[in-house]
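Each chain is listed here by its residues.
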Amino acid sequence: MCTMIVEKVKIEGSGKGLNGWFKLEQANVSYDHPFDAPYEHALNIDFVNEAQGVGARVAVELSEQAARELIRTIQNVLDQAEAGGHL
Amino acid sequence: MYQTDMYEGLLAETISITGAKGETINAYFARPLGAGPYPAMVLAHHMPGWDQWYREATFKFAHQGYITITPNLYFRAGHGTPEDVAAKVRADGGIADEQAVGDLEGALNYIRSLPYSNGKVGIFGTCSGGRHSYIAACKTKKFDAVVDCWGGRVVMTPDQLNEKTPVSPLDLTGDLSCPILGLFGNDDSSPTPEQVNQHEETLKKLGKNYEFHRYDGAGHGFFYYHAAMYRQAQAVDGWQKVWAFLGKHLK
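Protein chains in written order, with our numbering: chain A, 1 to 87; chain B, 1001 to 1251.
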């Protein structure tokens, strides 16, 4: 807990955890120590449903570069979807 | 030093203790088998939680002759795998310093009540646990030695203070009443080498009994043998420093 840089955002969707799919209600985004990725700090996203307990979590731990690429890619895909009249 | 013809036995189990605000929490506990009296250690776990590394560290300290207790500082966040619990705590901005101190003091009180304790209790922590160990030593004035391994945010700027962490631990240094051993990697970004220097200067200025060691080629968490941050030579030397320091002040 060494940077304490974290934000929470309410989201809608589904995530697939150890026990199958569950409804997502929040994403916790932090830049802090990862559990597994080989970096001192990582961009961590936990997709969670706190009402279902701490185990209702889909986790990713990304390098800074990977996180920025992911942001750009998500934006590009949404832009294409909008241009195609899907949004 | 251990000899191959010596008897050796440990007892290890999960126990319940009274933590902050009189609330019950659980803890890893391990001790040498025998009548004692033994010195004791309280371990403050790191940000990744009350996990396998700290369970093994509890055994390791007991093997070295210390009654050892590692309270679950994340007990109130719920139960699940250590990672899932720690992820929730991370999302909530960590735990309150006051609560951590209460839980660590509860662990100390539990140990002091044991008939095989020699009355001396040290505290050890890594990462956020190093920081919590330092705060607990300063605030309670009940520990006989403290080991801070790369505790981040011991030096805090005013904009980093909040309801859970209202005081920079550095500002508590005047209350430190026991010797401190600090181990740090020079490639660490939390704490940075500059922050370690600032901490050391404050200890020196206030006439505290301190011993700081800095390691080249190491960053944060260089004791963690399960992670990429592990640095074998630095870790071996660091553990030797820990045992020498604790042996000098607790045994």
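Simulated from the structure, these hints should not be mistaken for lab results.
Glycine included, every Cβ here is placed at the ideal spot set by N, Cα and C.
Hints are not guaranteed to be accurate.
Stated by the list, open to error - So the derived label-pair ranges between C-beta atoms look like this:
(1) A/His86 with B/Thr1014: 48 to 58 Å
(2) B/Lys1241 with A/Pro38: 24 to 34 Å
(3) A/Glu12 with B/Ala1244: 41 to 51 Å
TODO: Output the numbers, in ascending order, of every earlier hint that fails for this structure.
DONE: 3
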